[in-house]
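**Q** Construct the complete structure from the given sequences, taking the supplied hints into account.
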Amino acid sequence: MSAASYGVTGTGQPVLVATDITKRFSGINALTDVSIEVGSGELVALIGPNGAGKTTFFNCLLGVLRSDRGEVHFCGRQIDGMTSHARARLGMARTFQRLELFGGMSVREHLWVAARSRSSRGSLVQDLIGRSQPTADENERVDATLELLGLTAIADKPAESLSLGRGRVVELGRALMCEPTLLFLDEPSSGLDTSETNDMGEVLLTVQAERRTSILLVEHDVPMVRRLAERTYVLDCGMTIAEGPTAEVLDSDLVRAAYIGTPVI
Amino acid sequence: MVGDLLENAVRGLPIGCVFALLAVGMVLNYKTSGVFNLAFSAQAYVSAAVFYLLRKDWEWSLLPAAFVAIAITGPLLGFILDRGLYRHLRTATPLAKLITSLGLLIAIPEIAKLALGFGNAPQKNPPVLWTVKRSDQFLWPEGSRFVLDAGEITTIVSTALVCLGLYVLFRRSSIGLQMRAVVESPRLVQLQGINAERVSLAGWMLSSFIAGLAGVLLAPLFAQLLDSDFFTLLVAALAATVFGNLTNLPKTFIGGISLGVLQAEMVGFLPTDSSLTAAVRPSLPFIVLLGLIIGRLVVARVRGTDASFESEVSDPLGGVDPPPPVPVAMLRPAWMTLGTRIFGLVVILIGLYLCHQVLDPYWLGLVVGGACLGVILLSMVMMTGIGGTVSLAQATFAAVGAFATAQLVDRTGMSVLAAMVIGGLIAAAVGGLVALPVIQLPPVYAALATLAFALFFEKTIRPVEAISGGNVPIRVPRPTIGGIDFTDNFTFLLLVMVLAGILSVAVILVRRGTTGRFLDALRGSPAAATSIGISPGRSRLVAFVLASFIAGFGGGLLASFNGQANYESSFVFLFGLVWLTMVVTAGSRSVQAALVSGITFFLFPALLKALFTWPGNYLSTNQSTSGLARTLLEIPDPTWAQSVAFILFGIGSFTYAKHPEGIIEFQTTASLNGTLRRIERRKARRTGSDPDIGTDATAIGLDDRSAA
Numbered sequence: 000m001s002a003a004s005y006g007v008t009g010t011g012q013p014v015l016v017a018t019d020i021t022k023r024f025s026g027i028n029a030l031t032d033v034s035i036e037v038g039s040g041e042l043v044a045l046i047g048p049n050g051a052g053k054t055t056f057f058n059c060l061l062g063v064l065r066s067d068r069g070e071v072h073f074c075g076r077q078i079d080g081m082t083s084h085a086r087a088r089l090g091m092a093r094t095f096q097r098l099e100l101f102g103g104m105s106v107r108e109h110l111w112v113a114a115r116s117r118s119s120r121g122s123l124v125q126d127l128i129g130r131s132q133p134t135a136d137e138n139e140r141v142d143a144t145l146e147l148l149g150l151t152a153i154a155d156k157p158a159e160s161l162s163l164g165r166g167r168v169v170e171l172g173r174a175l176m177c178e179p180t181l182l183f184l185d186e187p188s189s190g191l192d193t194s195e196t197n198d199m200g201e202v203l204l205t206v207q208a209e210r211r212t213s214i215l216l217v218e219h220d221v222p223m224v225r226r227l228a229e230r231t232y233v234l235d236c237g238m239t240i241a242e243g244p245t246a247e248v249l250d251s252d253l254v255r256a257a258y259i260g261t262p263v264i
Numbered sequence: 000m001v002g003d004l005l006e007n008a009v010r011g012l013p014i015g016c017v018f019a020l021l022a023v024g025m026v027l028n029y030k031t032s033g034v035f036n037l038a039f040s041a042q043a044y045v046s047a048a049v050f051y052l053l054r055k056d057w058e059w060s061l062l063p064a065a066f067v068a069i070a071i072t073g074p075l076l077g078f079i080l081d082r083g084l085y086r087h088l089r090t091a092t093p094l095a096k097l098i099t100s101l102g103l104l105i106a107i108p109e110i111a112k113l114a115l116g117f118g119n120a121p122q123k124n125p126p127v128l129w130t131v132k133r134s135d136q137f138l139w140p141e142g143s144r145f146v147l148d149a150g151e152i153t154t155i156v157s158t159a160l161v162c163l164g165l166y167v168l169f170r171r172s173s174i175g176l177q178m179r180a181v182v183e184s185p186r187l188v189q190l191q192g193i194n195a196e197r198v199s200l201a202g203w204m205l206s207s208f209i210a211g212l213a214g215v216l217l218a219p220l221f222a223q224l225l226d227s228d229f230f231t232l233l234v235a236a237l238a239a240t241v242f243g244n245l246t247n248l249p250k251t252f253i254g255g256i257s258l259g260v261l262q263a264e265m266v267g268f269l270p271t272d273s274s275l276t277a278a279v280r281p282s283l284p285f286i287v288l289l290g291l292i293i294g295r296l297v298v299a300r301v302r303g304t305d306a307s308f309e310s311e312v313s314d315p316l317g318g319v320d321p322p323p324p325v326p327v328a329m330l331r332p333a334w335m336t337l338g339t340r341i342f343g344l345v346v347i348l349i350g351l352y353l354c355h356q357v358l359d360p361y362w363l364g365l366v367v368g369g370a371c372l373g374v375i376l377l378s379m380v381m382m383t384g385i386g387g388t389v390s391l392a393q394a395t396f397a398a399v400g401a402f403a404t405a406q407l408v409d410r411t412g413m414s415v416l417a418a419m420v421i422g423g424l425i426a427a428a429v430g431g432l433v434a435l436p437v438i439q440l441p442p443v444y445a446a447l448a449t450l451a452f453a454l455f456f457e458k459t460i461r462p463v464e465a466i467s468g469g470n471v472p473i474r475v476p477r478p479t480i481g482g483i484d485f486t487d488n489f490t491f492l493l494l495v496m497v498l499a500g501i502l503s504v505a506v507i508l509v510r511r512g513t514t515g516r517f518l519d520a521l522r523g524s525p526a527a528a529t530s531i532g533i534s535p536g537r538s539r540l541v542a543f544v545l546a547s548f549i550a551g552f553g554g555g556l557l558a559s560f561n562g563q564a565n566y567e568s569s570f571v572f573l574f575g576l577v578w579l580t581m582v583v584t585a586g587s588r589s590v591q592a593a594l595v596s597g598i599t600f601f602l603f604p605a606l607l608k609a610l611f612t613w614p615g616n617y618l619s620t621n622q623s624t625s626g627l628a629r630t631l632l633e634i635p636d637p638t639w640a641q642s643v644a645f646i647l648f649g650i651g652s653f654t655y656a657k658h659p660e661g662i663i664e665f666q667t668t669a670s671l672n673g674t675l676r677r678i679e680r681r682k683a684r685r686t687g688s689d690p691d692i693g694t695d696a697t698a699i700g701l702d703d704r705s706a707a
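Heads up: the sequence lines are chains S and D, in that order.
Numbering that gives the first Met the number 0 puts the first residue of the first sequence at 0, with every later residue one more than the last.
Numbering that gives the first Met the number 0 puts the first residue of the second sequence at 0, with every later residue one more than the last.
Honestly, the hints are just simulated from the structure, not real lab data.
All C-beta atoms in this analysis are idealised placements derived from N, C-alpha and C, irrespective of residue type, glycine included.
Hints may be right or wrong, so weigh each one.
Said to hold, decoys possible - Heads up, incomplete: computed chain D residues facing chain S, CB under 7 Å, no partners named:
no.: 1; residue: V509
no.: 2; residue: G512
no.: 3; residue: S568
**A** This is how it looks when you write it as structure tokens:
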């Protein structure tokens, strides 16, 4: 089953191909032969009940965990064995389920640090001669992203003073500054109320439209997935139980059973 | 051959039991409180000192003395530590707890010495717990070649009993289960209706009892009672705790016994006349400790996870804590920054004027020495404040620099300043090697690894004559630059100030530059920092190497001030621990904190000494003073100065848990907030609106959160 058969948007070239990822934790099969494909410019969702192995799968793809078996190809390149920061430099960026912000930094600095890391411009020598201030180009890019995400008004606030919803948008902005080919979003709506979730959905659609970034979304919020994702994979007990166009998958009996349980007749 | 092997193993058993007891006590302490309690050896020392006092000075009989020293003093100390201190630190970070324990390690033995009236006289020949000596009837097995005397058998039996008791406690009793839960999350445990306070207190008293027992048992191993010997032995025993992954009691026990046996086998089998054996033997436990930590790291790498390090306990309810304070630099208007800088400059100039015009040579010498030390302490700002790595080996890197400077000047006759720079580079190279494993470790393990390195250096490298000059320190002259001779202390002070200024600016530039911001990101969230492509290894390595350079350079400077590279008087690893607590207390990210701490370390004990000498002088000139006044004035003793200074340095570290930004930063923030509020109020008065609305919230940057 190729990604193209589902009408992948963009060039049709898959950005991410992961095959038969398997991970065990001291006897527990966290993942068994899970495969996934994300096409260029596509927004794909990965859903499943708590404990299905979504975050473990995420971590295997991003190099935080090493899988026991399976291969990950990113933009046609095999990346197994690469560290997570090396993968980030290739164009994989992410957000976190529990906020991971940098204490003591403003929103603008969060974005700038990511931009600096992306450009590999900083060096110790430049630090020592006092030439490591943000460049005009970096400032421009940071401002553009702040504008895109509606963060301009709070750009100079310390990030730890922000609400959860705002914090998630800052994480998204930080990830975008890495100019990712593929963006991994780990439950962006968790802990947000309905209106904040809707706002987040809007922001994601804008990002996808303006930056042409592929997105892999792990999410619990079914209405959000229905609204955003073109295709959906469903994980349960570490195995893929369904995949296909979002509407079909969400309405299938198998998925309902996994989420709600089998009806007793 | 096999017989020898067995005999050596039996010989190693008693010391192995002492290692096991210390290690098991540490692990118990860690399991039940989340504190990696480096002051465990200090607690052991207190019990040993009490036992010494009761047996030798007060001539009590064995049983009551042992009871008071082990079963009363030990748990009592645990009670005081928990109720008075650690109860308030239950949810502090592992780093804060580690720093606090360092402070205790410094303060407790000094308090004990003052309280027990030991003074400066050494306590020779500590009493044994059992009076029957080797070759008496308690040999085991009777008539064989194996020789264990009654004291050693007591050690083995009590260790076995303690370990068995702990095993039963954790496996079979509900209090054991509760103890483990309290470490995970005291708040969650409270929600379950369990009194976390009481459980934790029980853990502290139990582990302190073990500390007391270990102290009394191991005291006779040394010719005299010294707290530093206790700490060295504790670090040796730490290899066993690492073997047990800091949490596994049976494995820790086995690790301790094996360490003792391994040491005895080495003594038995290595050639006794080899200089290599002589050099390596005293640092065997530290090599084992370092080897185990690196081994764990390799295993973690091969498995591709961090699962080999289970030391970091994170509280599931940690998210309910308020956010840390916003650094002053983010709030301060530019004019205020300029004002603070001008103020600082004026203070320095007045200080220099006083040094030149007012101070006599003795006090001037202390200031210059303190300024040299300030340069070494700048390395801690780089290492810990900016790099986020806890290194307990900064004094050692300074020693590397000092020895290198001395050797270069002595052998090649090169310029002293050039030798200091090369000495710094050599220290940086050594630091780079040490950093390779250390930067990948969580804080507690990083601290242990650097400690192991420091002790390895002290026991094995330091005695090598080709490096340190052996027992006679190598002379280091004062530098001469462009015809200016810096032999005079005041001119040397000016040179040190210039060099300290240059290095401070470099440190600040790195802190503000890309490297510093990347390190800030890594400290804020390692996961997020790597997710944007920051390589944790590279950034931390840069900070570690720079810090080692600064330490090495400062070491050369201090040696040049002293006229010689004297390890014992300047670079003992224990000094490194005191320095770290001082810098961290004052503010680990601020260069002012480093310089102030350096000068304080030299000046403060001397000030105290002057203070304690004054009453005696007063009495000798005013013979007529009598009654209560005389009694009170006769109390202070000038020999207390060093102890009191160390006690205060140690106790100062308790503020770290509450103000991790340091006292200097805390005070600056407080006065800055005060000033901003006054300005707001004045503005408000002028415009006629309510002065109090909005000022506090903007000052500490919390308005968005409270709105949400």
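**Q** Compare the structure with each hint and give your call.
**A** Hint check results:
no. : hint : result
1   : V509 : 5 Å, holds
2   : G512 : 3 Å, holds
3   : S568 : 33 Å, violated
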